[in-house]
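Peer 1: Note that the sequence shown covers residues 1 to 235 in UniProt numbering.
Derived from the structure by calculation, the hints contain no laboratory data. Don't take each hint at face value.
Distance condition first, Cα-Cα at most 20 Å in a straight line; then the derived EDC-like pairs of lysine to aspartate or glutamate [to be verified]:
no., residue 1, residue 2
1, Lys203, Asp144
2, Lys104, Glu27
3, Lys203, Asp11
4, Lys191, Glu24
5, Lys195, Asp11
6, Lys148, Asp11
7, Lys22, Asp32
8, Lys195, Glu14
9, Lys235, Glu222
10, Lys191, Glu14
11, Lys215, Asp146
12, Lys44, Glu84
13, Lys145, Glu206
14, Lys186, Glu14
15, Lys195, Glu25
16, Lys145, Asp17
17, Lys145, Glu14
18, Lys44, Glu222
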Amino acid sequence: MIFKAFQHRTDKAEIMDDFELKGEELEVVLNDLNNVNKRLGGYKITIKGIKKLINKKSKTLKIADVGCGSGENLRQIAKWAKRENISVVLFGIDANLNTINLAKSLSTGFENIQFFQQNIFDKAFSRHQYDIITLSLTMHHFKDKDIKKLLPILYQNSNLGLVINDLQRHWFAYVLFQMYSAVFMKSNIAKHDGKVSILRGFKTSELKGYSTFVKPANIQIEWQWAFRYLCIFHK
Numbered sequence: 001m002i003f004k005a006f007q008h009r010t011d012k013a014e015i016m017d018d019f020e021l022k023g024e025e026l027e028v029v030l031n032d033l034n035n036v037n038k039r040l041g042g043y044k045i046t047i048k049g050i051k052k053l054i055n056k057k058s059k060t061l062k063i064a065d066v067g068c069g070s071g072e073n074l075r076q077i078a079k080w081a082k083r084e085n086i087s088v089v090l091f092g093i094d095a096n097l098n099t100i101n102l103a104k105s106l107s108t109g110f111e112n113i114q115f116f117q118q119n120i121f122d123k124a125f126s127r128h129q130y131d132i133i134t135l136s137l138t139m140h141h142f143k144d145k146d147i148k149k150l151l152p153i154l155y156q157n158s159n160l161g162l163v164i165n166d167l168q169r170h171w172f173a174y175v176l177f178q179m180y181s182a183v184f185m186k187s188n189i190a191k192h193d194g195k196v197s198i199l200r201g202f203k204t205s206e207l208k209g210y211s212t213f214v215k216p217a218n219i220q221i222e223w224q225w226a227f228r229y230l231c232i233f234h235k
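Sequences are here, hints too, so could you generate the full structure?
Peer 2: Next comes the structure, spelled out in C-alpha cells:
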C-alpha cells in the first residue's frame with residue numbers, strides 16, 4: 001500500500017506555500033531546509049549544473065534563482081564564483097515578500113546579489129533576460145499543468161539554459177527523511193513540508209515528459225545523492 005503513494009505526484013499542499021508565514025517561524029523553517037541542503041550537498045548539485053552551461057568565453061554571468069527562499073543557494077553560488085574567479089551578477093526571485101526581506105537581511109555582505117518579489121507568470125518577468133535560470137527545490141511546488149507553462153517561460157528568458165535541482169519521488173527517500181528530521185530538524189513545519197515535498201517530487205519519465213513543452217531544448221538528466229535529480233535544459 002505504501003508504494004502506491006509514490007506512483008503519482010501528490011496535490012497535497014505544503015505549509016510553506018502560504019505566503020503569510022513570517023518572522024522567527026519563517027527563519028526556523030528556512031534554516032532547517034538550508035541545513036538539509038548543506039549536509040546532503042544540495043547546493044553543490046546546482047553549481048554542478050551551472051558549470052555544465054558556462055564556457056571559457058563567458059564574461060559576467062547573470063544568474064537568476066527562481067523561488068530563492070532565504071537566498072542561501074545564491075550565496076553559495078557567489079562564494080564558488082569568487083573562488084573560481086568567475087564574474088557573476090545574481091538575482092533572487094520569490095513570490096513571498098517575507099522571504100525576500102529575510103534573504104536581503106542575510107545577504108548584506110554580497111554586493112553582487114539582488115532580490116525581487118515577483119510572480120514569474122507576470123508579464124514583468126518576461127522583460128528580463130538572464131544567462132542561466134536555476135530552480136533549486138522549487139519546481140515540485142508547482143502542479144503539472146503549471147510546470148508545463150513555467151518551463152517554456154524560463155527557457156525563453158535564459159541565454160544558456162536552465163538548471164533544475166529537485167527531488168526524486170521514492171519511498172526510501174521518504175523513510176530517510178523521517179529519520180533525519182527526527183534528529184536534526186527543529187521546525188514541525190519543515191518536518192511536514194519535507195515529507196510532502198518528496199511526495200511532490202519526480203520520476204525520470206516525468207522530467208523527460210516536461211521537456212516536450214520546451215523546444216528545441218536539449219535536456220540532460222542526472223541522478224544525484226541524496227535522491228535528487230539534476231535536470232539541465234541546454235540551449
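Peer 1: Can you list which hints this structure breaks, lowest number first?
Peer 2: none
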